[in-house]
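Student: Can you join these two chains into the complex? Each is in its own frame, and there are hints to help.
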Amino acid sequence: MTGSDRAGTARLTASGVSHHYGGVAALSDVGFDVATGEVHALLGENGAGKSTLVRVLTGALVPDAGKLAIDGRRLRFHSPRDAQAAGIGVVHQDYHLFPDLTVAENVCAVSVHAPSRARIVDRRRMVATAHDLLHELGVDVDPQRRAGGLDAAERKLIEIARALLQRPRFLLLDEPTAALEPRETDRLLGVIARLRERGTGIILVSHRLGEVCRIADRATALRDGRQVDTLPRPELTPTALTHLIVGSTVSELQGPAHHAGPTALEVRGLRLRDGATPIDLHVGERELVAVIGLVGSGVPAVLGAVAGSVPSPSASITVDGRAVRITGPRAARRHGIGFAPEDRKRTGLMLQQSVAANMGLGSLSNWSRGGFTNRSSLRSSAEQAGRVFDIRCRSVDQPVGSLSGGNQQKVLLGRWHLAGVSTLVVQEPSQGVDIGARHEIHKHLVSFAADGGRVLFSSSDMDEVRAIAHRIYVLHAGEVSAVFDNTGSERPSRAAVTEAMTTDARSHAHLPDQETSA
Amino acid sequence: MTQTPAALRQPSTVPDPAPGRGHRRRRPRVDVDALFVPGLILVLGLALTFASPFFLTGRNLGQVLLQGAVLGIVAVGATFVIIGGDLDLSIGFNVALSGIVTALVIVESGSWPLGVVCGVLCGMLLGLVNGLLSAGLGVPAFVATLGTGTIAAGLALWLTNGVTISGLPPAFAALATTEFLGLQTLVWFMLGLFVIGGVVLHMTNFGIRVFAAGGNRDAAFLAGIAVARVRLANFVIAGACGGLAGVLLTARVQAGQPGVGTSLTLFATAAVILGGTSILGGRGSMVRTFFGVLLISVVENGLNLLGVDFSLQEVAVGVVFVLAACSEVFRRRR
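First to last, the protein sequences are chains A and B. Everything in the first sequence is counted per my numbering, starting at 1 for the first residue and increasing by one. Everything in the second sequence is counted per my numbering, starting at 519 for the first residue and increasing by one.
Be aware that a few hints might be false.
Stretch by stretch, here's where chain A covers chain B in the computed footprint (C-beta under 8 angstroms, at least three residues) [said to hold, decoys possible]:
id, segment
1, 723 to 731
2, 734 to 740
Computed Cβ-Cβ distance ranges for the label pairs, DEER-style [what the hints assert, rightly or not]:
id, chain 1, residue 1, chain 2, residue 2, range
3, A, Ser365, B, Leu650, 25 to 31 angstroms
4, A, Gln384, B, Gly580, 38 to 44 angstroms
5, B, Val657, A, Arg325, 27 to 33 angstroms
Facing chain A, a subset of chain B residues (Cβ under 10 angstroms, in silico) [what the hints assert, rightly or not]:
id, residue
6, Leu699
7, Gly716
8, Val717
9, Val718
10, His720
11, Ile743
12, Ser796
13, Gly800
14, Arg801
Hints in this document: simulated from the structure, not taken from any laboratory. We treat Cβ as the ideally placed atom computed from N, Cα and C, and that holds for glycine.
Just chain B, same shape as in the assembly (with noise of 0.2 angstroms):
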């Protein structure tokens, strides 16, 4: 990182045009700003120690992950499109759906692979779907996918007449619910996801394009990036995101769940943006969102071992989520 300065920096006659280059002092102020949600979980952590006898307990730890896993499964897909510049608030609602779709396949057809792919194919079309209307059509992401996700949530009422399906065999339990070196397939699912989205968000051109059309959508054009394309993927690898988390909520908790979409949506778009990633698009990384992920999952993990009221931790991470809002605001006017 270091190895640049003095070359790039050539006499001329002209004076500095910048105030402040040649200070080169100032770099780790990105590194801070990097370290505020571990920094954050770390003093939550060191508290919820000295509050619960429970907390820092190997089984504990592994539930914390295990609840945050399919919210993490849905944040990285969030993250491709957010960074992006799109918004997805379809995703919960994809969840749901592709879930219930999982379920019926498996019940009706008796085949649970069968139902996996028909599962994950379904969050992939409703992805396409939101794709191809608002990098394809032009309609604001965020009107379209209101409109596909409300659908969504209403077909998935529709299929199950509300009634939670059941009857799913065991094998297809097991595909989330093994334990693998201590931990559940579900979370190692999640893991491996955060490992691909990182790379593939962080090391290929792809990325590199991913950011240039959140960064700036006209120049990343004018610039020859095939924007309306990358903005599509974006949307279809978070379809496949929900797809999947749809099938594995649906294998761990035995049920076809129609009622998740609406706190699922808020809390992987909470995820990512708490993480530190901009919600205006092209700043952020995938390492931010895990942390955005953790953070949310051990401050409710808390207040469940604190016994405090259901509805109340959803008020909890509502008032961590705008805390560390502010705090973003302050971060950058230092």
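Isolated chain A, as found in the complex (with noise of 0.2 angstroms):
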């Protein structure tokens, strides 16, 4: 259905494209183009100018210089909707879904295409429209369902089917999978594929460079703006992936090399749900714990008892020997605990204010006397801290939303640091940043570990748990299912921790898996 009914491939280019924001080189002379039937990859890190690219092929920028064509047939975009009038659907990073609305109402009534008559929407013909399509996607949602009360990767898959609506022969995906656990990414996979099948032309952007390797035909990565190298589908590995992005070799850490000390922060009981078994967890001295699960099964709540986001009072939390209550984010910073939430931009950050300020939070009482803020220890300590955590700005002055996810990232780790607390606590640590940074975010937390501090860390990425972890924690359905130790001989395997994840609850989609599981 999705453009296969047409006969024949197209193919959309780009070429020579050129884009300058003031007076710096976004991009210069890119190439890239698609056919339909293929998935092309397009790869990079942030401010490598993927999203001016994606913009361009949008049609919410026009570049500099440059040609856009399908067939040789040249497009000229002005507005987003010049571009799925010429077939370039797109699915955005972020959701834009209406909550509050239908899954009908979200995948149709947004659109010019909603089926209407005489202006007035047809709602029946909505719902078997929504319905057909999720159905083509293999999604078993009802479309009367609001779509608030849906998981992450049914949502997305409700953005791919608004998409979908307008029959595009292209269609962008930018970073689908950013916030989907494996098994739902499984699941996403499966849908491209089949989309691919059916003859859609695929632009895949992503950070995840492992499935990038398991669904791309092609891969183009950028830097700098520029256009570094197109590698064919033998040639994509995640090895060569990253020298294509990076430049360089960058490896994971192969779990942290110092050794745990004896019990620090110890959770007793903590009840997620009526008639579950209650958890138990404990924190050593110099240790970084992972508590991983699949959606709904209890991960935030187990972070946000000990960071005080979400207070459990069923549970017995004890801190050096000490029993406390945690009450709130405040009472946890008492007792020397510091959240890195999530959602950075909605929960961690004051994006428009500077990095100093953002910085000096947790701490304000360092940097005055009797009330009055001494602004410029605050910079000069957030300097120091900046040096450290190796952010790169212009000044602390500089409004930390305009800096990189990874920076931004560090500019939180770095608040914790001023504040000398002695347990981090940390959803998805490298989410939304480049592969560098992430590196570089590693190995903060392992040092900060390694310097007599302790790490409770969430992630949904398999690779970043196994690469800083010294135990792991993993939760099914509000208990912990299996606990795995990641040091020395006994590291367990990709496949051994995302089975104990998923341990009633298989993948559906069965994609050939080119990852090496070690």
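Tutor: Shown next as structure tokens:
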């Protein structure tokens, strides 16, 4: 159905695309093309020019120079509508769903293609259309359900269905799996494969190299606004892609090198739902502990009980041998616990405010006398922390919102560094962070622990968990289903950890897995 | 401001993450933004100097400040609330009620200091109620203060039966109208409050918390800041400013004034936003509010000198407000 009815293949080509923001070249002479029936991955670190190219391809930006064409026919886009009319659909990275509307309304109503009769919405046809589209994608969701109650993968699939409503020949997916966990990712990759079979040309923007290797037919990397190279399918391996993106080889850590000490923080009797076995968990001195699980397994609640964001009256928590009551983030802070939440932009940082102000927020009393803030001492401390974490910014007075994701995460970690906390609770340490910064963040977390700190973190990225955790707690339906020791010779394989996460739910998609599991 | 960049930019194998970094010559942009309203005042002042021989006289400039004084005092409080991410729509009605309470207490008890204390306390009490409703219970500040403002306005009318209260002692009037260094004490109260407000907002930890609470409430909470307490304090500060403004207004006009509420609420909010403080919270400054108040005051004064009808003056202030808001959008887009 999706574009496959049209006979023959078509090719979308961008050539010689250059664009400047102010005096800075975001893209210089970049070429990119995708044919119907193939998946072409677009890779690059944050700031490499990916998003600019995405904006050009989807009509959101008219570049300074360059041409777009489908099968040689020149396209001129002045707005995203033009791109849609030319048959290029897009699913943006952030979610653009209306939680209070139904699935069918979300799929259809926002589009000019919505089924209607005399400008009045034809609700029955709308539900039928949404049902058909979702069925094509292999998604079993009631079109009349509220979109707000769906999980992340379902919401992403609904956005894809919305893009498909216009029957595009080309579909651009911007980091579709960024917020998905392994099983959901498999499902989404299955959908992408199906779309490819039906003859849709797919541009896949992704940071996750494993999935790129599994699904892509070709991969092009941008670096500093230039096109580095395009690799064909046989050459797609994570190592080759990393090299392509970063320009040098960055290897993952192989677990922390230092040994953990005796128990320093302990959680007992944390009951996540009625009838569940209470969770007991401990973090040792100098230890990095990961808590992982599928969505709904209760990972945020476990971290939140320690960080104070989701206080749990049932749990008894001990810090350094003393029983403490963590009633909120302030109480946690008093016990030396700092929290770096998952959604940095929404719940971590004041984006318009300076790097220094964001960093000083956890330790204001350190920079003041009698309530008056000593700005210069705050600034110099922030600068010093900036050097420790290698935060790249013009000055600490710069608004934090103008930094890249990796640098924003470092600011958040810098906040607790300045506060001198003994325990860090981190959700998704490297989500939305490019490869280089991810590696640096891993090193910082490990060295924070090695210097006597404790780290409790959650992650949906199996490689990350295996790279830095001493121990891994796996949750399933609100209970601990497995605990792995990730040090020495007993390091669990990827497969073993994934298996523990999905004890009774197996992934639906059966895709060739080219990743080498250690 | 400049000693850091080189130190922070350490060499790395990773290419630049953000386009534009390394270009250090883009900072003046902020200054242009901050100078916009003062520049506008200057241009307006220049035009008025040519239009009217009375504008650029010491007496008239004192008059400009005097006209803006009550508004300025209210706007200091509003600045805290707005930067903290809330909105106080009761603040003008608070001025009215506090003024009435002051006048009544003085008339009943015969002691003007007692009246002053009661007026300010009345303002703080209303602020406390606002704070408890919005920061404590979680009612959106917009709704909560609209409600309390209506209550205050009604109480002010009921307490006076709609009649202005008179018979206040001259000593009380002197509180606002004594001349000192060529300016009335009312103006000094305003200037002093701006200085105190500026120091608290920009030089204390409390000020940083206000900015944090307004910049991102969830993030501030998760960073361990007592967001509810900060917001409550903002409302009490705004209430105290409203109470003080009510007291001084009563002293200046020698009568309780039940009808000042609506315009003061609007003008105070307008002054804060006009100065360039974000209505969304987390961004702004006390100096900006000062210039916002000054701009409104100059416009009103100029129209007075030119003999424009009073109702049309309000129209003019509205026009300036809309234009300034548009210009802000343009400046941000650039």
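Student: All hints, please: hold or fail.
Tutor: How the hints compare with the structure:
no.: 1; hint: 723 to 731; verdict: holds (count 7)
no.: 2; hint: 734 to 740; verdict: holds (count 6)
no.: 3; hint: A/Ser365 x B/Leu650: 25 to 31 angstroms; verdict: holds (27 angstroms)
no.: 4; hint: A/Gln384 x B/Gly580: 38 to 44 angstroms; verdict: violated (49 angstroms)
no.: 5; hint: B/Val657 x A/Arg325: 27 to 33 angstroms; verdict: holds (28 angstroms)
no.: 6; hint: Leu699; verdict: violated (28 angstroms)
no.: 7; hint: Gly716; verdict: violated (13 angstroms)
no.: 8; hint: Val717; verdict: holds (8 angstroms)
no.: 9; hint: Val718; verdict: holds (9 angstroms)
no.: 10; hint: His720; verdict: holds (9 angstroms)
no.: 11; hint: Ile743; verdict: holds (7 angstroms)
no.: 12; hint: Ser796; verdict: holds (8 angstroms)
no.: 13; hint: Gly800; verdict: holds (6 angstroms)
no.: 14; hint: Arg801; verdict: holds (5 angstroms)
Violation of the numbered hints given earlier is confined to hints 4, 6, 7; the remaining hints are satisfied by the structure.
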